[in-house]
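Trainee: Sequence:
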Amino acid sequence: MSEDYGFVDEEMAEPGDEFEEIEVADTEADSTARKQDREFDEFRKRLKNVERLKVEQGAFDDATLGALYKLVQDGHVGAFGGPLSTGKEANVYEARGEAGDVAVKIYRINASDFRQMREYLAGDPRFEGLEDNKKSTVLAWTRKEFANLKRAEKAGVRVPEPIAVQRNVLVMELVGQADERRAPRLAEVDVENPQQAYEVVREYMRRLYAAGLVHGDLSEYNMIVHEGELVIIDMGQAVTVHHPNSEEFLERDCKNVAAFFSRQGIDVTGEELEAYVTEAEPEPSGEPE
1 MSEDYGFVDE
11 EMAEPGDEFE
21 EIEVADTEAD
31 STARKQDREF
41 DEFRKRLKNV
51 ERLKVEQGAF
61 DDATLGALYK
71 LVQDGHVGAF
81 GGPLSTGKEA
91 NVYEARGEAG
101 DVAVKIYRIN
111 ASDFRQMREY
121 LAGDPRFEGL
131 EDNKKSTVLA
141 WTRKEFANLK
151 RAEKAGVRVP
161 EPIAVQRNVL
171 VMELVGQADE
181 RRAPRLAEVD
191 VENPQQAYEV
201 VREYMRRLYA
211 AGLVHGDLSE
221 YNMIVHEGEL
231 VIIDMGQAVT
241 VHHPNSEEFL
251 ERDCKNVAAF
261 FSRQGIDVTG
271 EELEAYVTEA
281 EPEPSGEPE
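The UniProt record's numbering puts the first residue of the sequence shown at 1, with every later residue one more than the last.
Just so you know, not all the hints are guaranteed correct.
[Stated by the list, open to error] Simulated restraints on C-beta separations:
#1 D267 - A63: 45 to 53 Å
#2 A187 - K88: 14 to 22 Å
#3 K70 - G265: 29 to 37 Å
#4 G265 - P184: 13 to 21 Å
#5 D62 - H242: 34 to 42 Å
#6 Q195 - Y221: 14 to 22 Å
Simulated from the structure, these hints should not be mistaken for lab results.
Even for Gly, the Cβ is constructed at its ideal location relative to N, Cα and C.
Based on the sequences and whatever the hints tell you, model everything.
Mentor: This is the structure we're talking about:
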């Protein structure tokens with residue numbers, strides 16, 4: 001029968017005709033890699049099937065899902081909640097972290113206005129040599145926001161605490177979310193003591209400047225009020241004082257803040273506020289944190 005099927009008779013076999021035993025046992029690394037692939041595939045299916053997490057324009061592409069998976073594996077993110085805000089360039093979601101609720105900000109690479117982003121990145125010594133394409137710009141922007149939050153927090157400015165960053169995903173403290181209601185912006189509240197609020201804001205601006213940063217888009221819409229505390233948000237566009245447009249951005253910030261508090265009855269001008277802010281000696285370093 002062996003002849004019928006073309007097998008070599010064992011007794012007539014020449015050296016080299018016999019089959020060698022093939023080693024097919026998994027290494028520990030192979031087994032671990034396959035297990036991780038299966039877990040990631042399940043994570044991807046589970047996340048994409050959560051209706052409230054579905055977004056337009058590919059925010060949850062495979063690379064973003066991979067970043068989220070890494071943040072989950074590292075313990076920074078657990079169960080996901082619904083969206084807190086949706087914007088042109090990023091969506092923010094509520095999630096459970098190791099120490100409580102966190103905000104997960106996901107920048108959409110395909111939808112982001114990377115040319116405008118580059119205006120804030122170009123000239124920043126922390127991002128010299130950045131490639132001129134959308135993906136590199138958005139990933140740099142995400143790292144930049146994380147670095148800005150860290151620097152502001154270190155300078156004593158109340159901002160959402162930065163927790164982790166992975167690719168185009170930023171995890172930070174969730175400030176003021178309760179009963180599905182977000183903390184109000186400064187523009188949305190009646191300021192009971194505008195003089196005190198103004199002094200807090202100008203001190204924050206001075207501390208930022210002393211740390212070598214200019215917010216670049218500061219107004220009553222980028223400050224929130226939580227438990228009587230002013231918190232500065234949206235630090236992605238903040239630039240170092242070495243940026244070629246930093247003086248222009250600072251002047252605009254001061255003008256916006258002064259205009260708001262003038263409407264609250266405070267006698268202040270943008271020029272006076274800028275003079276106060278720039279009394280501080282800025283941090284000379286523009287290197288990445």
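Trainee: Hints first: check each against the structure and report whether it holds.
Mentor: Quick rundown of the hints versus the structure:
Checking the proposed 45 to 53 Å range against D267 and A63 shows it holds: the Cβ atoms sit about 52 Å from each other. For A187 and K88, the hinted distance range of 14 to 22 Å is satisfied, since their beta carbons lie about 20 Å from each other. For K70 and G265, the hinted distance range of 29 to 37 Å is not satisfied, since their beta carbons lie about 50 Å from each other. In this structure the hint that G265 and P184 lie 13 to 21 Å apart at CB holds, the actual value being about 20 Å.
The hint said 34 to 42 Å for the Cβ distance between D62 and H242, and at roughly 37 Å that hint holds. The given range of 14 to 22 Å is respected by Q195 and Y221, whose C-beta atoms sit roughly 21 Å from each other.
Against the hints set out earlier in the document, a violation occurs for number 3 only.
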